[in-house]
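Student: One letter stands for each residue in the lines below.
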Amino acid sequence: MGVLGQDIRYALRSFRRAPGFTFVALITLALGIGGTTAIFSIVDGVVLRPLPYPQPERIHRLVRVNARSTDGSFSAADYLDVKRDTKAFVSIAALREDIIDLTGRGEPQRVPGAQTTGGFFDVFMAPPIAGRVYREATDQPGAAVAVISERLWRQQFGREAGAIGTKVRINGTPTEIIGVMPATFRHPVVADVWTLSPLEVPVSPVPTDDGLSSRDVQYFMAVGRLDETAAIGAAREQLKSVGARLAREFPDTNRDRTFDAQPLAESLVADVRGALWILLGAVGFVLLIACANVAGLLMARGAARRRELAVRTAIGADRGRLMQQLMTESLVLAGAGGGLGLLAGAWILQGLMALAPDNIPRLNEVSLDWRVAAFTLAATMAVGVLFGLAPAMQASQPELNTDLKDGGRSGTTRTGARSVMVVAQVALALVLLIGAGLMITSLARLQAVDPGFRTTELVSVELLLPQARYSEPLQRQFYAGALERLRANPVTARSALIFPFPLGGSNARADFEVEGQPERPSSEDAHAELNMVSDGYFATAGLRLIDGRDFTVADGPDAPPVVIVNDAARGAFGGRSPIGARVNLGTWVTVVGVVSDARRQSLDTPPQPAVYLPYTQFVMPYMGVLVQTGQGAGATALVVRAAVADLDPELPIGEVKTIEQLISESTGQPRFRSFLLAAFAALALLLAAVGVYGLISFSVAQRVPELGVRLALGASPWQVFRLVIGRGVQLAVAGVIIGLAVAAAAARLVGGLLFNTSTTDPVIYACVSLLLLTIAALACYVPARRAMRVDPMTALRSE
Amino acid sequence: MNASAQPLIRLNGIKKVFYTDEVETHALAGIHLEIQQGEYVAIAGPSGCGKSTLLAILGLLDTASEGTYTLNGNEVANLSLSERARVRNREIGFIFQSFNLIGDLTVFENVELPLIYRGMKAAERRERANAALERVGMAHRAKHLPSQLSGGQQQRVAVARAVGGQPSILLADEPTGNLDSKNGEAVMDLLRELHRGGATICMVTHDPRYAAHADRGIHLFDGRVVEENVGTVV
Amino acid sequence: MIKLSSIEKSYRHGLSQTFVLRRVNAEIRQGDFVSIMGPSGAGKSTLLHILGMHDSAWTGEYWLFDDPIHQLSAKDRMRVQKQHVGFVFQSYHLLDNLTVYENIDLPLSYRDVKKSEREGMVADILDRFNIVGKKDLFPNQLSGGQQQLVAIARAVVAKPSLILADEPTGNLHTDQGKEIMELFRRLNEGGTTIVQVTHSQANAAYGKRVINLKDGWIVDEN
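Going line by line, the protein sequences match chains B, A and H.
Mapped onto the working numbering, the consecutive letters of the first sequence carry residue numbers 1 to 799.
Mapped onto the working numbering, the consecutive letters of the second sequence carry residue numbers 1 to 234.
Mapped onto the working numbering, the consecutive letters of the third sequence carry residue numbers 1 to 222.
Among the hints, erroneous ones may be present.
Simulated pairs of lysine-lysine, DSS-like, Cα-Cα distance not exceeding 30 Å [as the list claims (entries may be wrong)]:
id	chain 1	residue 1	chain 2	residue 2
1	H	K159	H	K135
2	H	K214	A	K182
3	H	K178	A	K15
Hints are computed from structural coordinates only; laboratory data are not their basis.
Remember, predicted model here, so these are calculated numbers, not experimental data.
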């Protein structure tokens, strides 16, 4: 024990007395452990963590597949057939996202909700934290019961137990709150209220004529829990056979289609899987760089300590004792670095979360991942111990004499292994930097795309109407009244109605057939994006009227139905002017105008053919108001709320967003990817710089006698400076060349994630290489300055 | 170039003091010394007498605490770092006890190195370096690394490196210190030959046999010149 | 105490072979004080390092007391060295990170001496060498002479029967050198056998006899 205590004390002291080495080692460990842990914690928290339910691997999402695509939405009749005929699932449930107006308790509230069938909680088996949940076995469809989220419980009821059993009005219907779900219950959609559908399927948001027998309107998703005894293979077989039967019986709607099941966790990360692997690769790269740094540092220290170890051996230390001492030092260093790494990890995580785009799902749940921390710590520690012990292994008898004589500085400087490691570090860092460079360029190009509408001074406010209280005429009346009141206010004078908002995520489409044009082959989808707007929408949103006219008040419910098409839709008119042509969108309408194109789905999707219908003729209870104003979202929201309250005091307004928010949310995924990869690349760059610095300062220290000789021979300090910088740049150039080759091959992996950016964009490759070379040269600056000040007297000291 | 009346080197009242902790060590305590063009001077004395310090000051590797130093008519005691490097490069050729060849460079590259620092053109460098290697009989080993040579051969390469730039003076620090007597003799013969060819040489040694090779011996003891004896002038 | 017969050591340079030591035969009795002299490159230090078992690439026979060093494994040599030998270097080789006290304590800790015992032994040595006041200083806070004093204290603390010294005054001023040689004389009078390498006739005069080496051969012994 005494010996160990002494070794620890000596270790601490020797670190204090070698501040350069200690600084570099601790920085490397702190950044390597802290950085990878922090970034990986985000990846893990956002996408990787298993679902917090019993046997989560048994929960599946049911999907419809054809040869080309997989689609997660079901029609009522298909769902009912699947539910009845697949026995491998203990329970199957359907749900759709819903907007819930909560009234009867204080201010009207609008919250996200889910309308589900009775088996929903049987699928997830997540226990409530208060009260109970509804079950297929005990609760009838349409029972006026609701389960609320912990958030709502806290906000509306102050977490009181008395909330259970309370009656509130949900979308106007008196409903009893029966239970509270924990904050971790957020699959497959995030909701604050779960309600029980009155039917065997969720209620359609648009009235359908054929209800439960419809196979051509898909509007909800389905989930199922696999039976304990059933294999997923059997379940998929059953789904396939149901699909085959329906395809035979209903070729009009189900030809070439069948059903399948995906593990829910997998379906949730499906969109980001490609990015995920890239990020995991990046974690590995950074960790490799950090380990190479630690190994290189310890090798350097070992080489520099050959004299000390020789002296110790000469005065009687055996190899075991030397190993014990070096082991202690390695462990002390790894311990300190690990502690610092965890601290740095917590800080970096906080920093990253502050810097991260704010629309990343689950980001607020992210916490430091201890498993990752432990793994990175173990990896660096193993490397530390391995390379820390190497000098003790070398300190064997035959070399002792020379080690004592030349104090561990022999004629040639042996830094071969370390040079290889530094070259590898630079190469790895370059690959990451190029990846980040490609992503950032792609993101910049995406954000620079002209969407076709105004990108500033627009505020959107959702104005959803509960269908229970608003019939179609009442909807028209409400929206007209709202628009009239808004236009009367100077703040919102330039207002218009629209459904859906651009980049708002809605995918409403209609079949599109022009009178007098030949029918297109069925393989070619003849669809147009469907929009409902008020007059003045084009001027407000910044679209140009190319031909014909805008809608007017005259286009009322009883006037002939009219439509305005966009530029991209013109192709369907066979070269004739669309004005006056008749189009079948389910009903026949006459084209009265043509407007310029605008992107609706996302910035990277080119404009599609689109049709605009007047809300006065085709109303939807989901309209929103778009205001062109310089007053900002807050002022606009106040005016809209006042106008709505004037019409219906029970009605809350929906989400208020600026156009900038809508655009940035639509680019959330690529921004998150770019952000994380950039963070990794920055870390890699920093570590590689530390590596270059470490090697070059070590080789300067090793080469002091040689530099002394060079100075004695008349090298000017500047020539020595250039020699040292040149050595660093030489290594960096080697690393860059290898890195460029690797990057050119690896970049294909990110190709699918890029927008308008070539994976071999020479400008990016050149800029990133230049950046890396500059950083490497900077990393050599301090040791090069030190080399300039070497005392040429050292050339005379022969011992 | 200079009038023969003016010595190549003139040291006047050179002192060197080292401070360690509370101890003040006088390595050189007032040295007066003149070296004429073409002279061969040996500095002798026991370990710790200050002869290495004196050589370092002569070679502009170190600066004196006090005193003046005139080299080739120029005052060089107070030059800047890079001016000193320039003077070292052009005026002085070093021969070290432990040879100090650069291990990563070949024999030829070692000899060429001072000429590169001088900014000489490649063709001229090659010519001069080859001539110098020829002179010390090492031209056939030009492509070898120092580690492939024996000590005596390494020292001959070091001599070639020192004379390649045609310096005003050769400074040799115990040039035979790491050699056996046979190789030591060979190096001493080489120096004498260079001296006959007109080179000015100043050598530090504690071996009286080698000191006898010189025209003049200077004996140092505890930082002072205690004895000067003039041998036969060639 | 020491018997050397036909000790040889050589290096290879490509095809040529350079002998550092040739057929060295010598005997050193307990209580002797031997100076190894000769010109630079004669093989003095090499011989000393062979005696100190820092060098194992040689041929011939080397007996230390009853141990045939030439037959021992590295581990056993280590044990013999620990038991009998203390080494003093020209450039002191104190460990920079340890205080004077810790430097002197180190050989004892490597010999697994109990802590309480060690304290007494180190204190004794500090007293004898008159360096109690310096015990908490680090080597770079001492002058060269003081450092060498500490190095000798470290060499003798484990009570070796043989002290090997490689130009112990080589880096020192004359006065400091004299002090060190006086110390060696006192140690020798106390019964310790000393072998030193030196250039200086004055230093050799402290010893009882001289072994002269030239080009690896013993040229005369007196």
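Student: State for each hint whether it applies.
Tutor: Going down the list of hints, with the structure as the test:
1. Of the pairs offered as hints, the one joining K159 (chain H) and K135 (chain H) holds, with about 19 Å between alpha carbons and a cut-off of 30 Å not exceeded.
2. A threshold of 30 Å between alpha carbons decides the hint, and for K214 (chain H) with K182 (chain A) the separation of about 10 Å falls inside it, so the pair holds.
3. Annotation: proposed proximity of K178 (chain H) to K15 (chain A) holds, straight-line Cα distance about 24 Å (limit 30 Å).
Going down the numbered hints, you'll see the structure goes against none, and every one checks out.
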